[in-house]
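Student: Now for the letters of each chain:
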Amino acid sequence: MLEINGVRKTFHAGSVNEVRALQGVTLSIQDGSFTVVIGTNGSGKSTLLNAVAGSFLVDEGTLHVAGRDVTLWPEYRRAAMFGRVFQNPFSGTCPQLSIAENFALAARRGFRRGLGWAVNAGLRRELREVVAGLGMGLENRLDTPIGTLSGGQRQALTLLMATWQKPKLLLLDEHTAALDPKSADQIVTLTENIIVRERLTALMVTHSMQQAARVGDRLVMMHRGQLIEDFAGERKKRVRAEELLERFEELRRSELLDESAAEMLERCYV
Amino acid sequence: MSLLVGSLTIGFILSLLALGVYISFRIFDFPDITAEGSITLGAAFTSTLLVKNLHPLLATPLAFFAGGLAGAVTAILAMKFNINKLLAGIMTMTALYSVNLRIMGRSNVPLMNERTLASEVETLSHRLLGTTTVSVLRWEVSAQDLGQLVLCPLLIALVALVLYIFFRTNVGTAMRGTGDNAQMVRAQGVDDSTMIILGLALSNGLIALSGAILAQYQGFADVQMGIGMVVWGLASVIIGEALVGTRELDYTIIGAVMGSVLFRLLVAIALRWGMNPNDLKLITAAFVFLALITPKLVPFLRARKRRFAHA
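Protein chains in written order, with the numbering used here: chain A, 1 to 270; chain B, 1001 to 1311.
Source of the hints: derived by calculation from the structure; they are not laboratory data.
Treat the hints with care, since some could be wrong.
If you want the footprint, here are the derived chain B segments under chain A, 3+ residues with CB under 8 Å [what the hints assert, rightly or not]:
hint, region
1, 1112-1121
2, 1190-1198
Partial pick of chain A residues on the chain B-facing surface, computed with a CB cut under 7 Å [unchecked claim]:
hint, residue
3, 68
4, 70
5, 72
6, 73
7, 75
8, 79
9, 94
10, 101
11, 106
12, 113
13, 120
14, 121
15, 124
16, 241
Glycine included, each C-beta is placed from N, C-alpha and C at the ideal position.
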């Protein structure tokens, strides 16, 4: 479904702020799998997701989705195949437009937008039913501006919008990180339900070890712009949050050692 | 009385400008000052066609396309070449000054002896009313003025209705979404650059249309007529928003029209009271400044008052 091949990306190349965010990432995602990407801050996990979504073009490497080379496609064109939920609940919705109008935008994802009425009776009927399924009482507020809702409500709606037209790949970028624990739990449950029910292929980035251990059927770890671990199948089922934490602790310690060693050498010889 | 009728009519004509400014500034959050050039472009283009004896009903709508082209140029400069939005507008506006002079061949085109929308209305109202002046509430009003005052609002209402319907369609909703959250609409597969190019074309098309009708109403097109028009349009939009008290689409469209008419009336009254016409642009700019800072100033003053009360 998704083939990431040798992807590299450096931001602010040649300046003091140079960040080598992706340093040769290769990852192949099977149709129908739910892959979780985990990593420390600055490990490049969100950058990887944004590279797939097309927020920027990569410096090196190729991206294929469903057999098509999308490496040079602009973001909006790739969107025909992707459903996306962002970390910031404000990013996924148009605050001044009503709930129904936001869904009208999502309902035409991958289709031509003509002069047809955006919020038509059919959409409204379907929408009432689907939104009622959230149990948030939003089905009676379809015409209120979406900006008046809470972050959790907006994130739940964004998730529904991202999957309204079945995406070839659902991209979730730490989509529960900005929510309170209760809302975050609700959104995780909702995410799993939708992925199972619609048989979606999903790629989820998270910084929560518990979440990473609990959901999905494959887990990849990132560090310093590279993939360092890949838990799949039975190994993924057995993995626990503590184990993941240990693995990161190990990395941290080895780096500390590197740094102090470097410092010592510097003291001796410079 | 003729002053009142005249201001109302001009207010309605300039409400097309207000609607254009509303689309660029409010819907797209794009500070587009191409308007100063495109309103003149509309006037110049249509006037030149009228001098060449094209029928006014054909020459007037063509201004929309000329203005649309100007708006698209600004948007392409900003979106495809990543030029600062204000600068893109300034560049197009500056270029249009030469273009307008080229179109007209001189700095001023009189339309007194041409067949224009105004002369058409004159003929029509004379035929309908059978007289050149009508008495309204004991005031003598020329039939032509009355005809214009009736027809302009009808035209504006039609444009406003079409706009309202357009912004409720799939493309129109995508346009509103683009101004609201470009990241979101891109994630829904909308090419936001194209939306902005189309949107500024629509905005400047309306503004050029406003210029084309204004030229025919006042009987000439002038290369200087666009100066200060962006601030004028913005003032109308702000007054309109204050009048309707909401930013919901249906009301703000009506608000922009009402704001334009009211603002023109206020200006007419101020001029009648002896305001120097040369000060008009200064006062308009000051008015927009006040309107822009008032919403921020009120909470600030309140907070300060509270602090002093505690001290």
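Student: Check each numbered hint against the structure and report the violated ones by number, ascending.
Tutor: The structure breaks hints 1, 3, 4, 5, 6, 13, 14, 15, 16; every other hint is satisfied.
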